[in-house]
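Trainee: Combine the two chains into a complex, taking the hints into account.
The listed protein sequences derive, respectively, from chains V and D.
Sequential numbering of the first sequence, starting at 147, is according to the working numbering.
Sequential numbering of the second sequence, starting at 3, is according to the working numbering.
Note that these hints are calculated values from the structure, not bench results.
Predicted model only: the values in this text are computed from it and were never measured.
There is no bait here: all hints are sound.
Keeping only pairs whose Cα atoms sit at most 25 Å apart, straight-line, the calculated SDA-like set for lysine to any residue is: (1) K287(V) <-> G224(V); (2) K132(D) <-> A190(V); (3) K170(V) <-> R13(D); (4) K170(V) <-> R16(D); (5) K287(V) <-> L223(V); (6) K132(D) <-> R192(V); (7) K170(V) <-> G278(V).
Beta-carbon label-pair distances, calculated as ranges: (8) T240(V) <-> V100(D): 21 to 29 Å; (9) T240(V) <-> T88(D): 38 to 46 Å; (10) R261(V) <-> G119(D): 26 to 34 Å; (11) G155(V) <-> T92(D): 39 to 47 Å; (12) K132(D) <-> A248(V): 24 to 32 Å; (13) G27(D) <-> R156(V): 21 to 29 Å; (14) E189(V) <-> G46(D): 38 to 46 Å.
Each residue gets a CB set at the ideal place from its N, CA and C atoms; glycine is no exception.
Chain by chain, the residues:
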Amino acid sequence: MPLDQTFAGRTWPPTETYLVGREKIREFARAIGATDAEYHDPEAARAIGYPDVVAPPTFPVAITMAASRQVVNDPALGLDYSRVVHGDQRFAYTRPMVAGDAVVCVNSVDEIITRGGHWFLTIRTEVRTEAGDPVVTVWSKLVQRGEEH
Amino acid sequence: MNEILEPQTFRVTRADLVRYAGASGDFNPIHWSDRVATGVGLPGVIAHGMFTMALVGRAVTAWAGAPDTVREFSVRFARPVPVPDTDEGTEVVVTATVKEVTEDGDTRLALTATCNGDKVLSLAQALVRKR
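With the rest of the complex left out, here is chain D (with noise of 0.2 Å):
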C-alpha cells in the first residue's frame, strides 16, 4: 500500500497551449496573449488548466495501463502554469501514490503536479480500474 509510481514529466510550450486552444475551444487569450495575461495580474501567459488536467490524465491512463481504465478524475487548481516563450517552455511533473484499493478492485491514486517545484495542483485524485 501507498505504493509510489514513477513520476511523469511533460514538456510545455507555447505551440503546445494553441494547438490545446484549438482543439478545446478555449480561446481564452491568457493563454496565448502576455498582454492580457499581464494585464489580468498574471506573470504571463499561462497553460490552461484543462491541459494540465489532460497531462495528468495521460500518467494515469499510462499508470493504470489503457486509456478506459478512469471511473473518477479530480483536481483542484492550485496555481497557474506559466509558459514562457521559449523553445524549452516549461516542465510539469506528474507524481502518484496509490492510496487505497477498494472492494471492488479499484485503485485510487493521489496524485500531484508540479511546475519550477510549485505545486500546481492540490487534492487531485483519480479512481482506476485495472484492465
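One chain only, chain V, in its complex shape (with noise of 0.2 Å):
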C-alpha cells in the first residue's frame, strides 16, 4: 500500500507528559541485563551528578514509540503495520534520560521514500522537558516492506 507523501516535513503538536518513574528505568535496565549501578541506585547517580538513577541509552524509545503512534496509526497515512519492519535507529542525546524527568514528545516526519517496492519512513522524535530544555532526539526508520517480499 503506498504511504501518503503529503506526510513528509509534518510536525504534530507534543504528546501529553511523560514521567520517567525510578521504578521503570530500574525494570528497563533489568530487562536489558545492565547492573551498572547508576541505573539503579540514585546515590550512585547522584555521585557521578544526576538528581536520580540513570536511564540506560536505548530507553526513550519506550517512550518515543509509543508516542509515535500519533503519526503511524493515522489511517490517512497509509501504513500496514503487520508488513513494517524497523529498519534503522539514532539517537542523539544532551544528557541522559533520569528518573523525575517530565518530558513531552514532539514528532516530525522527516522522510517518506520508495524504493524497490519497499516504502521507508522516517520519523524524529524531540524530547523534551515540560519547559522545553532538550534531552534527546530519537530517529526511528520503519520499513514496510512490498507485497511481493
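Mentor: What follows is the structure in C-alpha cells.
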C-alpha cells in the first residue's frame, strides 16, 4: 500500500507529558541485563552528578515508540503495520534521561521514500522537558515491506 | 588509532524477549509467537531490534566506562536475530573499533553485532565522551 507522501515534513503537536519513573528505569535496565549502579541506585547516580537514577541509552525509545503512534496510527498515512520492520535507529543525546524527568515528545516525519517496492518512513522525535529543554532526539526508520516480499 | 576493543558476548533467550517486551511496551507478536512470526515469513521468533541495540549499548557503556557517556548512537538493522525456544537461546557478539578521537576529545566507535556468524547490524556507531 502506498504511503501518503504529503506526511513528509509535517510536525505534530507535543504529546501528553510522560513522567519518567525510577522503577521503570530499573525495570528496563533489568530487562536488558544492565547492572551498572547508576541505573538502579540514586546515590550512585548522584555521585556522578545526576538527581536520580540514569536511564540506559536506548530507554527513550520506550517513550518515543508510544508517542509515534500519533503518526503511524493515522489511517490517512496508509501504513500497514503488519508489514513493518524496523530499519534504522539513531539517538542524539543532550543528556541522559533521569528518573523524575517530565518529558513531552514532538514528532515530525523527516522523510518518506519508496524503493524496490518497499516504503521507508523516518520519524524524528524531539524529547524535551515540559519547560522545553532538550533531552534527546530520536530517529526511527520504519520499513513497510512490499507485497511480493 | 583503530584500536580494537574486547568483544562482548550476550546470551538471548525467549525469557529475555518476554521481559523486554514488558519493559519496553513493544508487544509485537513476532517477538513471542512462532505462529505469527512464521506467518509473516520470518524464520521464527526474532529479538526486538531495540533489544539487540540495547545489548550493543551495554557493550558501549562498558567500554566507555560509564552509562552517561554516550552522545550519539545509531544502528541499521541488517538481519533479524532468531531466538530458538531452548534454554540456550542464541548469542549476540558485539565488537568495536575506535575510528576517531575528535578535537573535543570524544571517541567514535564503529560497532558490529553478529549472531551465528551473520552480521545483524550495519552502519552501527557510537560517539562517546569518556569520563
